[in-house]
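Q: Given next are the chains, with one letter for each unit.
Protein chains: 2
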Amino acid sequence: MSLTFDLQATDGAARAGTIQTAHGAIQTPVFMPVGTAGTVKAMTADAVRSTGASIVLGNTYHLMLRPGAERVARLGGLHKFMDWPGPILTDSGGFQVMSLSKLRKMDKDGVTFQSHLDGASHRLTPARSIEIQHLLDATITMALDECTPFPATHDQARISTTLSMDWARRSKDAFIPRPGYGLFGIVQGSIYPDLREQSAAALTEIGFEGYAIGGLAVGEGQAEMFKVLDFTVPHLPAGRPRYLMGVGTPDDLIGAVSRGVDMFDCVMPTRAGRTARAYTSKGVFNLRNARFADDAAPIDPACDCPACSRHTAAYLHHLFKAEEMLGPMLLTWHNIAYYQSLMRGLRDAVLAGRLDAHAAELRAGWASTEEPA
Amino acid sequence: MSLTFDLQATDGAARAGTIQTAHGAIQTPVFMPVGTAGTVKAMTADAVRSTGASIVLGNTYHLMLRPGAERVARLGGLHKFMDWPGPILTDSGGFQVMSLSKLRKMDKDGVTFQSHLDGASHRLTPARSIEIQHLLDATITMALDECTPFPATHDQARISTTLSMDWARRSKDAFIPRPGYGLFGIVQGSIYPDLREQSAAALTEIGFEGYAIGGLAVGEGQAEMFKVLDFTVPHLPAGRPRYLMGVGTPDDLIGAVSRGVDMFDCVMPTRAGRTARAYTSKGVFNLRNARFADDAAPIDPACDCPACSRHTAAYLHHLFKAEEMLGPMLLTWHNIAYYQSLMRGLRDAVLAGRLDAHAAELRAGWASTEEPA
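Chains as they are written, first to last, in our numbering: chain L, 881 to 1253; chain P, 881 to 1253.
Bear in mind the hints are in silico, worked out from the structure with no lab data behind them. Values in this document were obtained by computation on a predicted structure and should not be read as measured data. Do not take every clue at face value.
Chain copies aren't distinguished; within one or between two, either way the pair holds.
[Stated by the list, open to error] Under the rule of at most 20 Å between Cα atoms (straight-line distance), these lysine to any residue pairs were calculated in the SDA-like manner:
{"#": "1", "residue 1": "Lys1162", "residue 2": "Ala1173"}
{"#": "2", "residue 1": "Lys921", "residue 2": "Thr1155"}
{"#": "3", "residue 1": "Lys1201", "residue 2": "Gly948"}
{"#": "4", "residue 1": "Lys1162", "residue 2": "Ala1247"}
{"#": "5", "residue 1": "Lys921", "residue 2": "Glu1204"}
{"#": "6", "residue 1": "Lys921", "residue 2": "Arg1154"}
{"#": "7", "residue 1": "Lys960", "residue 2": "Pro1186"}
{"#": "8", "residue 1": "Lys960", "residue 2": "Met1205"}
{"#": "9", "residue 1": "Lys1107", "residue 2": "Ala1118"}
{"#": "10", "residue 1": "Lys1201", "residue 2": "Pro1059"}
{"#": "11", "residue 1": "Lys1201", "residue 2": "Ala953"}
{"#": "12", "residue 1": "Lys1201", "residue 2": "Leu980"}
{"#": "13", "residue 1": "Lys921", "residue 2": "Ala1156"}
{"#": "14", "residue 1": "Lys988", "residue 2": "Ser1161"}
If we strip away everything but chain L, and leave its shape as in the complex, we get (with noise of 0.2 Å):
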């Protein structure tokens, strides 16, 4: 049997729900640090773990080229490669060809492109990305599809979306089901609400154990892409997952929850790590921010992370200043154990009945600094 969904509770549109899969059960609605080259960047697999991350994100495109679907499948499968023996996503790799490599070239049967790597020259189709998925053993397999530009005219969003939908049939067919595991279906149709209702039940129609939302948090901005959610979501299967990729900002969380999404992934809090951001239950710092200099308190009291727990923000003030990689760590440690704290807060909260109020919190406390989440 595949993996399956259970819903617990919902709240208006919000829902709290259990995956159960091969690799262990993920709680809804969840966040995915994303693990893009094997390894969410600057953190141990423990350190990931210890957020209470139930499951990662790999990226398929990167893997594919670095170090290959078939080393790692020689090695043993992505679970093992990176010491994450719960469960794993992969993406289909589309998104990565059309924004990273080189020199591509769509027909009606994939897309063939050079690595921007060392220019050598590759091709994805459907079969392939499900083959390279299956090699890496990934727990959820995304059928291949192609990420709608934005904006796009109808005729263009209706073009691509027939594409897409296709490949999500050919995907379906070069799918290999096994107990646990399970394979997702991809809703584009840019922000008309007749092509995302006609892919919605394409989908449907083949069937998948979960459905994705895809094509938004392209810089539609937040107002259309919650638009878009409000028509789209109501399409979906019930009894299955819903994924919202790429998705997003703390706000953008609440406001996808409510609307009845269960699942996201974002590089925003590993690379906001990177660049010295802080996301808390007090809204996002700067922490190269001289003011930080002195400041003896935790960047969020709130919070248990070792970044937290064991240090003052004047301690990650000082390692960002003086470039030391224990700066991106700490900090990209804390923003992950934030965003889990997060989705926990939101799921405990459809649980109870009282999302909005929950909410309201949330952005109570952002709201109380001068930049807001």
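Since chain L is already given, all that's left is putting chain P on it; use the hints.
A: Only chain P this time, still in chain L's reference frame:
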């Protein structure tokens, strides 16, 4: 009472002892990881502790410039700042003033220099160096000296050593004794037996809690360094710890321990960890080497650090090729774990009276590979 030193055993000239300090005990021989700017580069304090390290080193020059000694004192001292409640040894700053600063000007009372960070003018005297180390709350304070450059004529070395002995006296005068703390003097004299003997005698006359041997590992080579130890160590008080500054390779450590040295520090294992060089029971390897790409074995099967117990050499190779921060993080951890394990092994061998046999076994392990340590 100042810090104490007790000998548990000797084996030839080699010693196994215990230094009792205000911040805990140090079993010798001991290797002190270098925490230049308030962090052992690429390691959390927890990671450093997990290797069995009992004392770390901080650099006065770096810390006085950034974040500043007075600031560290206001924040509760270096132990709290860097989450290291255990013993900390700080150097005097003299070595880095000579190697890093700009436009330095020596006089008989101290040295005036410009910071390599912002060009600001600073002055370091014996009294100020001791005061800074007091502000940092160093468990072991080092006297300010001039590290005689190599090579030096007998005349140059004599003049330099005379200055250092005057500064040693001034350092002693400035040092405020506290229970479980201590001040170490530094023997200079370049490669000249008479100067080394005179320097040791002058320091012993002043009286310190420990005696360092400075001016070595500055280009003279291992054979010359061992010769200097052979004619210097016998002039040091047997009842005090002996510290060889800035040394060294695993083979250097064996040779110096067998000549009666108790304490060491060196950036080698941490720096190597950032440049893919692994110190192991089988020798030294560069993990960027293509032969590790498919190596499913740990980098050192004899090691229980996370890099070795959780990951393959192929994973470490991948991390360095992909320039992922986790590569330096894991390999620094391993190298420090290896150095700590090496020192524990040497101590155990001294206690068992079989240092020579143990050293031969270590060297045989290294010799089995193409890149001996």
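Q: Evaluate each hint against the coordinates.
A: Against the structure, the hints come out as follows:
no.	hint	in the structure
1	Lys1162 - Ala1173	within (18 Å within a copy, 45 Å between copies)
2	Lys921 - Thr1155	both (12 Å within a copy, 18 Å between copies)
3	Lys1201 - Gly948	between (37 Å within a copy, 12 Å between copies)
4	Lys1162 - Ala1247	within (7 Å within a copy, 57 Å between copies)
5	Lys921 - Glu1204	both (15 Å within a copy, 7 Å between copies)
6	Lys921 - Arg1154	both (9 Å within a copy, 15 Å between copies)
7	Lys960 - Pro1186	between (26 Å within a copy, 13 Å between copies)
8	Lys960 - Met1205	between (26 Å within a copy, 19 Å between copies)
9	Lys1107 - Ala1118	within (19 Å within a copy, 79 Å between copies)
10	Lys1201 - Pro1059	neither (49 Å within a copy, 34 Å between copies)
11	Lys1201 - Ala953	between (41 Å within a copy, 18 Å between copies)
12	Lys1201 - Leu980	between (30 Å within a copy, 18 Å between copies)
13	Lys921 - Ala1156	both (14 Å within a copy, 17 Å between copies)
14	Lys988 - Ser1161	neither (47 Å within a copy, 55 Å between copies)
Hint violations for this structure: numbers 10 and 14, all remaining hints satisfied.
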